[in-house]
Amino acid sequence: DAKTTQPNSMESNEEEPVHLPCNHSTISGTDYIHWYRQLPSQGPEYVIHGLTSNVNNRMASLAIAEDRKSSTLILHRATLRDAAVYYCIPFYEDGSSNTGKLIFGQGTTLQVKP
Amino acid sequence: GAVVSQHPSRVICKSGTSVKIECRSLDFQATTMFWYRQFPKKSLMLMATSNEGSKATYEQGVEKDKFLINHASLTLSTLTVTSAHPEDSSFYICSAALSHNEQFFGPGTRLTVL
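These protein sequence lines map, in sequence, to chains A and B. In terms of this note's numbering, the first sequence is residues 1 to 114. In terms of this note's numbering, the second sequence is residues 1001 to 1114.
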């Protein structure tokens, strides 16, 4: 399994953009990069995923380095509800019926200040 | 997004008793479900992969006779903690795979063993 390195914690002000980095230098060429977040006392929630190109959805944007050894999750305008632990997970997407396992690292705890 | 439920959300039991936790995919069928455990201030740890109609695959170090997993239908997987002890107190979370690259998590079950 590819290892990831994320800052233990980050702070942001409300309404400002947040850039959450993740290093995954041992990622294989077939691993997608998935991001999940976990609010206190809840199950994880899917945020976004990508392979090589940058990705956008209603929750966030994902910027993937050209060498794929790192990626950055971008929250364009942080709100208090975005305070959570954010996990970056390299994920092998088997095109067959087999479903890959999500292996969680320590993640980044994001605090959002009003 | 797809919805996964867990029941119960909280359970307190006496040491030595068994506890069953249910995980249901409410609006989709899931051939594969996963069970995780999370201790306070720690990340999620994958316990096992549950495939409908077959035996679960346990991660290294997880006792299969203590954590019984049954995946009898495409919408239901159960985890039974047998002869629970205080060290089994934890937050148990399931996820259900909608496809090979989409997993949805339940809200978690907090188990306290007295």
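I should point out that these hints are in silico values taken from the structure, not numbers from a laboratory. Where hints are given, some of them may not hold.
No farther apart than 30 Å at their CA atoms in a straight line, the calculated lysine-lysine pairs in the DSSO-like style are these [to be verified]:
#: 1; chain 1: B; residue 1: Lys-1014; chain 2: A; residue 2: Lys-69
#: 2; chain 1: B; residue 1: Lys-1041; chain 2: A; residue 2: Lys-101
#: 3; chain 1: B; residue 1: Lys-1041; chain 2: B; residue 2: Lys-1014
#: 4; chain 1: A; residue 1: Lys-101; chain 2: A; residue 2: Lys-3
#: 5; chain 1: A; residue 1: Lys-113; chain 2: B; residue 2: Lys-1066
#: 6; chain 1: B; residue 1: Lys-1042; chain 2: A; residue 2: Lys-101
#: 7; chain 1: B; residue 1: Lys-1055; chain 2: A; residue 2: Lys-69
#: 8; chain 1: A; residue 1: Lys-3; chain 2: B; residue 2: Lys-1020
#: 9; chain 1: B; residue 1: Lys-1064; chain 2: A; residue 2: Lys-69
#: 10; chain 1: B; residue 1: Lys-1064; chain 2: B; residue 2: Lys-1014
#: 11; chain 1: A; residue 1: Lys-69; chain 2: B; residue 2: Lys-1042
#: 12; chain 1: B; residue 1: Lys-1014; chain 2: A; residue 2: Lys-113
#: 13; chain 1: B; residue 1: Lys-1055; chain 2: A; residue 2: Lys-113
#: 14; chain 1: B; residue 1: Lys-1064; chain 2: A; residue 2: Lys-113
#: 15; chain 1: A; residue 1: Lys-113; chain 2: B; residue 2: Lys-1042
#: 16; chain 1: B; residue 1: Lys-1066; chain 2: B; residue 2: Lys-1041
#: 17; chain 1: A; residue 1: Lys-113; chain 2: B; residue 2: Lys-1020
#: 18; chain 1: A; residue 1: Lys-3; chain 2: B; residue 2: Lys-1014
#: 19; chain 1: B; residue 1: Lys-1042; chain 2: B; residue 2: Lys-1020
So the derived list for chain B, only partly shown, Cβ under 10 Å to chain A, looks like this [said to hold, decoys possible]:
#: 20; residue: Gln-1029
#: 21; residue: Phe-1034
#: 22; residue: Thr-1078
Don't be surprised by glycine CBs; every beta carbon is placed ideally from N, CA and C.
- Query: For this structure, which hints from the list above don't hold up?
  - Reply: Violated hints: 1, 5, 7, 8, 9, 12, 13, 14, 17, 18, 20, 22; rest satisfied.
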